[in-house]
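Given the structure of chain U, go ahead and fit chain G onto it with the hints provided.
For the protein sequence lines, the chains are U and G, in the order given. Heads up: the first sequence runs through residues 62 to 391, numbered per our numbering. Heads up: the second sequence runs through residues 7 to 320, numbered per our numbering.
Don't read these hints as lab results, they were simulated from the structure. Since the structure is predicted, the reported quantities are computational estimates derived from the model, not experimental observations. Since no wrong hints were added, every one of them can be taken at face value.
Here are the computed distance ranges between Cβ atoms for each label pair: (1) Q221/G <-> D149/U: 43 to 51 angstroms; (2) L212/U <-> N313/G: 18 to 26 angstroms; (3) I288/U <-> Q232/G: 38 to 46 angstroms; (4) F72/G <-> G347/U: 43 to 51 angstroms; (5) A376/U <-> F72/G: 50 to 58 angstroms; (6) L243/U <-> Q279/G: 29 to 37 angstroms; (7) A376/U <-> E62/G: 45 to 53 angstroms; (8) G290/U <-> P248/G: 39 to 47 angstroms; (9) N180/G <-> W99/U: 44 to 52 angstroms; (10) V117/U <-> N180/G: 26 to 34 angstroms; (11) P48/G <-> G159/U: 54 to 62 angstroms; (12) Q27/G <-> P303/U: 19 to 27 angstroms; (13) A376/U <-> Q221/G: 16 to 24 angstroms; (14) A376/U <-> Q27/G: 30 to 38 angstroms.
Okay, the calculated bits of chain U under chain G, using three or more residues with CB under 8 angstroms as the criterion: (15) 188–202; (16) 211–217; (17) 360–367.
The calculated lysine-lysine pairs, modelled on DSBU-like cross-linking and capped at a C-alpha distance of 35 angstroms, are: (18) K100/U <-> K81/U; (19) K81/U <-> K124/G; (20) K280/U <-> K206/U; (21) K69/G <-> K55/G; (22) K268/G <-> K124/G; (23) K26/G <-> K295/U; (24) K100/U <-> K244/G; (25) K280/U <-> K244/G; (26) K275/G <-> K55/G; (27) K208/U <-> K26/G; (28) K280/U <-> K124/G; (29) K102/U <-> K124/G; (30) K206/U <-> K26/G; (31) K280/U <-> K295/U; (32) K275/G <-> K69/G; (33) K208/U <-> K55/G; (34) K100/U <-> K124/G; (35) K346/U <-> K268/G; (36) K244/G <-> K102/U; (37) K55/G <-> K268/G; (38) K295/U <-> K208/U; (39) K26/G <-> K280/U; (40) K81/U <-> K102/U.
Glycine included, every Cβ here is placed at the ideal spot set by N, Cα and C.
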Amino acid sequence: MKQINFESEVHVDNRNFIEKLLEKLAPKKFEGIDWDRWKRKNLTLAGFGRFCWAIVRAVLIIGISFMILYPFVVKIIVSFMSTNDLTDKTVMFFPREGSTYFIQRAVMNMDYWTALINSIWLSLVVSIFQLIVSCLAGYGFARFKFKGSNLLFVIVIVSLIIPPQTIMLPLYSTFRYFFGGLDLVNTLWPLAIMSATGLGLKNGLYIYLMRQFFRGMPKELEQSAYIDGAGPFKTFVLIMLPNAFNMMITVFLFSFTWQWTDTTYNSMLMPNMTILSNTLFNVVKGVEDVLQQQTLLDTGSLLMIAPLLIVFLFAQRYFVQGIERSGLVG
Amino acid sequence: MSKVTIEKMPKRQRFSLERKQNLYGYIFVLPIIIGFACIYLPAVIQSLKYSFSSIEVTSEGFKTTFAGWQNYYEALFGGENFLRTVIESTSGIIIQIPIILIFAFFMANILNQNFLGKTAARVIFFVPVIISTGIIAEVENMSSMMDVYQSAEKMEIGSASGASNIFNYASFANLILQTLNNADLANIVLTAIESLYSIITSSGVQMLVFLSGLQGISTSMYEAAQVEGATGWEVFWKISFPYVSPLILVNAIYTVIDQFLKADNLAVKFIAQRLASPSTYAVASSLSWVYTAVVLVFVGVVFLIINRMVIYQD
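Looking at chain U on its own, in the form it has when it is part of the complex (with noise of 0.2 angstroms):
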C-alpha cells in the first residue's frame, strides 16, 4: 500500500518575520519591460482609473495611520522632554535639552514594576480563565442542542448590554462577605471567579465569537472523531482546539488587553491594590504645574501601555488571521 505522506503537501512557512521581510524588500530580478504590453495595460481609461484609485488609496491610508500613530509618537517625544523644553517656545517637536525626568517621575509615582508585575498576573490569570470558558460555552453552543440552549444565549448577550455599574454594589458585597464571611475584595479571587464563571469583562462577546468560529467549521472533522471512538472532550481537546488555534489567540489578546486598561470592575473590586490600572492617576502625585501635569498623564499612560504594544507585536501574525478565518456570518 502507498504510504501518503501529508507532509510534504502541505508548505509549512518556517521562516521568521524578518526573513520574510527581507526577501520582499529585495529588488526583484529584472527581466525587462515589455512596453507594448504595459502600454496596452496602463494607458487605458481603466488603467488611468487605476492608477487615480491607487493614489486615492494610498492618501486615505497613509493620513488615517498618520493619525493613529501621531498621538503615540508625540508622546514618546513628549516624554523624553526635560522641563525647560516644555515651556520653552523655541522648542517645536524634538527635545533640546531631553532628559528621562519625567520616565522616571512616572515610574516612581506609579509604583511601575510593582504595579507591572501584579498587572500581568491578573490579566494572565482572568484571561486564561475567560478563554477556557469561551473555548467551552462557544462549543457548547455552536454544537449541541441542549433545552434551553438558546435562552442561555440570549441572557449571555444580554449580560453584555446591562452596564456593570448597575450590578457593581450586589457583587462588591458577594464578594466581601463570600460565602457568609470570607473577605475577598482587593485580591485576585473576585475577577478569577467571575471570570472561570463567564461573567469577566466582555466575556459575552468571546463567547459569540468563539460559537461562530465553530460553527463555521466542518462537521465531518468531529464525526470521524466519533467514529474512531473519542468522546465528545477528547474530540474537543484533540480536534477543535488544534484548529481554533488562532481565534483562541485573537480572544485572548482581547481580553487580556481589556483587562489591563479595565476600570470599572479593577477600581470597585480591588480598590487597594497596587495594579496598573489603579497607579496610574497617582502619575500627577505632588506636581502642580498643568503642563507637567499633563506630560506626567501621557508619560503614565505610554508607560502601561508599553507591555500591551509589544505583546500585540509578536502576537499581531495570529491576531489578524484568526479574524479572518472566524467564518463569522450573521
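Here is chain G on its own, set in the frame of chain U:
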C-alpha cells in the same frame, strides 16, 4: 421476539444519543450556568430590589425599605433631567452608527485589496482596538480637555470641543486658522478632524469583522465577474456587499452596545456618578435599569430595521 427488538432498536438508540448530546451540551456550558445562577442572577435581583426601595445609611450599614415605583418616578420626572441626557447622547449615537458602519466597511474593503505595505497598514489600523479602551481612553479625554482649556486661554478658537490628542493643539489650530483665514471655517475643519479621529478609534472591531467576511469570499467569484466584464463598482454592489451583509447586522448591534456603554457616554457618566454615593444609590440603580431597557429597545429596533436589508445566502 426478534421482531419486537428490531422495531424498538432504532427508536431507543436515537433517544439515547439525543439524551447523551443534551448531557454533554450542559457540561460544556456548566461554568456559565453556575456563574449565572450563583453570582449574576442574585446580583441582578438585588440591584432590582434596590431600585424599588429607599436606602438609609445607618451605623450598622444599609437599611432598605420598600418604596414602590417612587425611585423610577423620581428618576424619570425628577429635577435632574435624566431623560434629556439620554435623548442627547442617543441622538449623537444615532448619527454615529451609520458613519461608523460605512467607514468600517469602506476601510475593510480597502484593506482587503493588494497594495504595498498591506500588512503594516492592517497592524496600524487595529491598534486603536487595543488602545482606545478603559483607562487609556479616560486619560486621552482628560488631556484633550486640558488642551482645550489651554487653547481657549491662549487663542480665541472658540469651542473646539473634545480635541483629539494633537500635540500643541493650539499651534495646530492656529496654523489652520491662518491658512483658511476664517474662524467659522477653521472651526468646522477642526471639528471634522476631531470627529474623524473618534470614528477611527471606535470602528476597529467592526473593521476586523468586515475584513473577516470579505476574506471569506472565494476569488473564483471575482474572476467570473471579471470575465463577464463587470466593473469594480458592479463587483462591489453585486458580490462584496451581498456577501457580507449579514455581518452588517452583527456590527450594527455591536456598535450600538459599544456606543451606549462607553465610559464617556453622557448617560453612563450621569448614572455612574450617582451610583457612587449612597444617598442617590437607589435612584441611580433605577436609572440604570431604565437605561438598560432603553438600550434593549434600541438594539431591537436596529435589529428589525437592518435585518430586512440583510441578504441571506441560504
